[in-house]
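Peer 1: Residue numbers (the numbering used here), protein chains in the order written: chain A, 1384 to 1729; chain B, 1384 to 1729; chain C, 1384 to 1729.
Just so you know, these hints were derived from the structure itself, not from any lab. Every residue gets a Cβ at the ideal spot worked out from N, C-alpha and C, and that includes glycine. Treat the hints with care, as some may be off.
[Said to hold, decoys possible] List time: in silico EDC-like cross-link candidates among lysine to aspartate or glutamate, alpha-carbon distance up to 20 Å: (1) B:K1726 <-> C:E1725; (2) B:K1585 <-> C:D1636; (3) B:K1688 <-> C:D1467; (4) B:K1585 <-> C:D1719; (5) B:K1433 <-> B:E1455; (6) B:K1688 <-> C:E1466; (7) A:K1726 <-> C:E1725; (8) B:K1706 <-> C:D1636; (9) A:K1726 <-> C:E1454; (10) B:K1433 <-> B:E1454; (11) B:K1406 <-> B:E1422; (12) A:K1585 <-> B:D1636; (13) C:K1688 <-> C:D1700; (14) B:K1729 <-> A:D1636; (15) C:K1688 <-> A:D1719; (16) B:K1585 <-> C:D1467; (17) A:K1688 <-> B:E1454; (18) A:K1729 <-> C:E1725; (19) B:K1580 <-> C:E1454; (20) C:K1433 <-> C:D1418; (21) C:K1688 <-> A:E1466; (22) C:K1580 <-> A:D1700; (23) B:K1706 <-> A:D1699; (24) C:K1580 <-> A:D1719; (25) C:K1406 <-> C:E1454; (26) A:K1688 <-> A:D1636.
[To be verified] Here are some, though not all, of the chain B residues that point toward chain C, as calculated from beta-carbon distances under 7 Å: (27) F1574; (28) Q1582; (29) I1584; (30) L1615; (31) L1668; (32) T1669.
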Amino acid sequence: MTSDISVSVAQIVAELGGELMGKADMAVARIAPLDAPDEPPFIAFLSNPKYRSQLASTRARCVIVHPSVREEAAACPSAILTEDPYLYFAYLTQWWAARFRPSLGQGIHPSAVIDPTAEIEPGVVVGPLAVVESGARIGSGAIIGAHTVVGPRAVVGAQTRLAPHVTVGADCHIGQRCIIHSGVVIGADGFGFAPHKGQWIKIEQLGAVRIGNDVEIGANTCIDRGALDDTLIGHGVKLDNLIQVGHNVQIGDHTAMAGCVGIAGSTRIGSGCTIGGAAMILGHLTLADGVHISAATVVSSSIHKPGQYTGFFPLDDNAAWEKNAATLRHLHALRDRIRALEKQNK
Amino acid sequence: MTSDISVSVAQIVAELGGELMGKADMAVARIAPLDAPDEPPFIAFLSNPKYRSQLASTRARCVIVHPSVREEAAACPSAILTEDPYLYFAYLTQWWAARFRPSLGQGIHPSAVIDPTAEIEPGVVVGPLAVVESGARIGSGAIIGAHTVVGPRAVVGAQTRLAPHVTVGADCHIGQRCIIHSGVVIGADGFGFAPHKGQWIKIEQLGAVRIGNDVEIGANTCIDRGALDDTLIGHGVKLDNLIQVGHNVQIGDHTAMAGCVGIAGSTRIGSGCTIGGAAMILGHLTLADGVHISAATVVSSSIHKPGQYTGFFPLDDNAAWEKNAATLRHLHALRDRIRALEKQNK
Amino acid sequence: MTSDISVSVAQIVAELGGELMGKADMAVARIAPLDAPDEPPFIAFLSNPKYRSQLASTRARCVIVHPSVREEAAACPSAILTEDPYLYFAYLTQWWAARFRPSLGQGIHPSAVIDPTAEIEPGVVVGPLAVVESGARIGSGAIIGAHTVVGPRAVVGAQTRLAPHVTVGADCHIGQRCIIHSGVVIGADGFGFAPHKGQWIKIEQLGAVRIGNDVEIGANTCIDRGALDDTLIGHGVKLDNLIQVGHNVQIGDHTAMAGCVGIAGSTRIGSGCTIGGAAMILGHLTLADGVHISAATVVSSSIHKPGQYTGFFPLDDNAAWEKNAATLRHLHALRDRIRALEKQNK
């Protein structure tokens, strides 16, 4: 970000709406947390009215708040009242980035290696040393980062942005307006082998990966190609970093997953689900729409009812854990002893 | 895959064996699951006789089945009878890929950077912008993907295929007929430090990595170089994506690991083992041949007996989990209370 | 390593100190474990006096030991006595690598793509096909590996070494003398979205990543940029492979984390902590200085007291686990039954 930004609060409201309270000509140079230091001048947001007391001490020149905290917000030089301050903040970051973030270059860098049979639509940016292989198609306005490889016959939709060091395998499709971060591997072989006399015989993975529109995929996440059919990622899906998506997995629209999640092959996850960090979902399962899995939870059977599901060992100090864990290995026997006592006491 | 494939069932049996039943001139254009739509025409397989009822409704032109379901398979236009349909399917995918998958290019791309002291045997394919450093040796018929880096003095065996964006560190050896997927890092430094006055003093990692023949390594998996000796991966080992193999680990022949597994330093895993997804095996342990670890299981001590081992918290709805997890922290005390009751009841 | 190394024990002591015992002209060609084969001649260390009996059988030409095992060490041709043999070994590996490891090249490879506005200080090595973007600054003596991308306005400190295939995002800062391994992604977008009508609205990540001096980051580890403020990694922090560090995380000086750890957004970890492999720390938590988390442990609330904390399900053979896990889902009910029994017995 350049350092000589100055935006008036009135300008923000003109662009993004909301009710302006206080000094309309108040200028801000950055977006920052409520407790940030005074300089450079900043705009902040308060999404949870529970923390309204923070408005008394913030040095923000403008706060984005819910109308219910109008009174407390009056302590600030200016405020923007809006029904959903967190959503307003999201749109503000987008407006800010579009306006002030330096551009990612333009045109095709001369060091990029583009096969003559690739189709590159107008307005595409291709970074240094990127590779676009035979028959690949890049939609208008897409950005292909430095060192990114778009494989043979792969398709990258319009306005999609691939960061540096992305690998898109042969025949894989990525929709429009997606963001794919560095180190992502789309379309490596799924993990499929037939056991034979103590060895593993490879099952060639003949499917590909199909990704919808408005999908974001975090750094070093892997999405394997299908064995026969394609692996499918729905519209609006958001995947964090270091996630493993096995072959023939299907993920429904607008499902989100935090970092380090693993989804084994052929599992189908519904739409509108959330999967907490480091959760592990075994293969060939079905999760209904609206299922929410807590962090670090293992899903070992299908879930047909929406709701929140959890399963991880609670943390304790090490000595207490050792005693409880040792006892846990005899839990079933303890149950039998309780039963025996109950019989005696009848 | 090109779209104008046509293979007769007789041709498949001529190549791969099996007993042909029904129309020998039946043509297929793809391999697909039993429940795939009618067009394009396809061949499918049924590996588990339990699902034999699916043969009544499949639109497959040919089914690969065990002789025991011969009768049900007669409902299909043609069938191939074989003792191990899944294995037959594996070989069919290999035959199919070899025949119909577009080639990965040929020769050395002019944009590749190859040190003059590197030895490249005949028939090697080097993709765009790949780097082969000083003293490296690439065996005949090997494929080095776009953007892959083969470090100084590293060895890549004959017929081995490195996908784009692979990193092979200095002095590491990869055997023959291996497949290494994108993002794999072979030979980064192992994690070794001596504690000293609250800081960590680096132990330079002077070993390398040695990988046998017929090994497959999934996307973004890491295999660290040894501290003094080499990290060793046996023949026929299959590693899925996003696996961490610490320094000086030894993995026996034909062991397979699903995604997201972690193996800490100096652990020795036997041959013919399977490790489920997201399992974590601590350091300096020994696992015997034929040990099978379930997904998401933590192995904190050596296992000397073959068998299936498991340890993860069972999933529950969140409210039930909260109650059980809270109680679990008092499990040892509960045991003592049961004991006390038992004494009273004597 | 070249194969004609020969170092005398006297030379090592002259460089690194310690009390020399036995033959000063004893020559070694490698550093190896105590139980290594005789040739080539080697030097070994014994850090734990508990294993002193190994000194009787080792074929090492020289052993690095604590003075308390002086007597047993006299069985070896030579010995170096030092208060901390493991630390001595660490320094020896450093001296060895500096002396015998082939250099990583010099100067700027002609195939590298360096923006004319980037500042490259003297003595920098840039590998083949590396990319240094506009406004980036590379400190003196730094090494930028093949295929590594240093983004716009990013800063790499003096003597820092980036392995091949590293991605450093725009505006991120890396301190001096750091080692960043292959596949590391610094500065991908943090995972931030505002929910809105069943969809996820992106919060542009306007912060960056700031990394202190003497930090080591393992292969394929990801450190996300902050939403508004920067993600902060202190001095001397050591991160192993495949670790996820979410946006706005803060990690205190000299904290170390083993592989596959996940740290969710905005969590603050103190200094001098250790986090075991595959541990998962949820977001918005605080861990005090000197907290030690065992492998595979989930941290779901803040920890304010130093100590060792653990929480993972103990491994068992699969049949026993199944019974205990099933019973665990009724643990709270079991507790109630114990209470009822206790009331009856009063």
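Peer 1: Of all the hints given earlier, name the ones this structure violates by number, lowest first.
Peer 2: 3, 4, 6, 8, 9, 13, 14, 15, 17, 19, 21, 22, 24, 30, 31, 32
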